[in-house]
Amino acid sequence: MESRSLYSAAYHEAERFRDEVVDRLGNALSDDAIREWNRERWWRWVSDRVIQHVRGNVMWQELSSESFASVGADSHQQNEIIGKIEAIKSKIGEGGLLSFEEVERLGEEWADLINRLLA
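So for the sequence shown, the working numbering puts the first residue at 1; every next one is plus one.
Worth double-checking, as some hints may not be accurate.
To be verified - Here are the in silico distance ranges between beta carbons for each label pair: (1) Glu80 with Glu36: 13 to 21 angstroms; (2) Ser30 with Lys91: 25 to 33 angstroms; (3) Glu66 with Leu25: 38 to 46 angstroms.
Honestly, the hints are just simulated from the structure, not real lab data.
Note that beta-carbon positions come from the ideal geometry of N, C-alpha and C, so glycine has one too.
Work out the full structure: start from the sequences and follow the hints.
Written as structure tokens, this is what we have:
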């Protein structure tokens, strides 16, 4: 399987988002769109790529070859971790009234779960 670069894919995804914003709202917001993608969308995007990697869908160069395709149908613990990641993404993505402390706590838990998947 051919491997792909997370850095390159992230760059192109951020550029695509920037282009959508520029098309809708004008060129003046180009830099702001990139900052927003980095701040608001990066974690969701990269966690989706980690899940692709551990499930064996896409081999990302920056992630270890040992973790590639490490989650199988019989891997209950890792599938449970993926479920927790999805739940956190949903909770943060709902845009509800979460306190800064809650968002910070969820972000730390999210990062810890991603690291556990890659360990």
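Which hint numbers doesn't this structure obey? Hint 1 alone not satisfied by this model.
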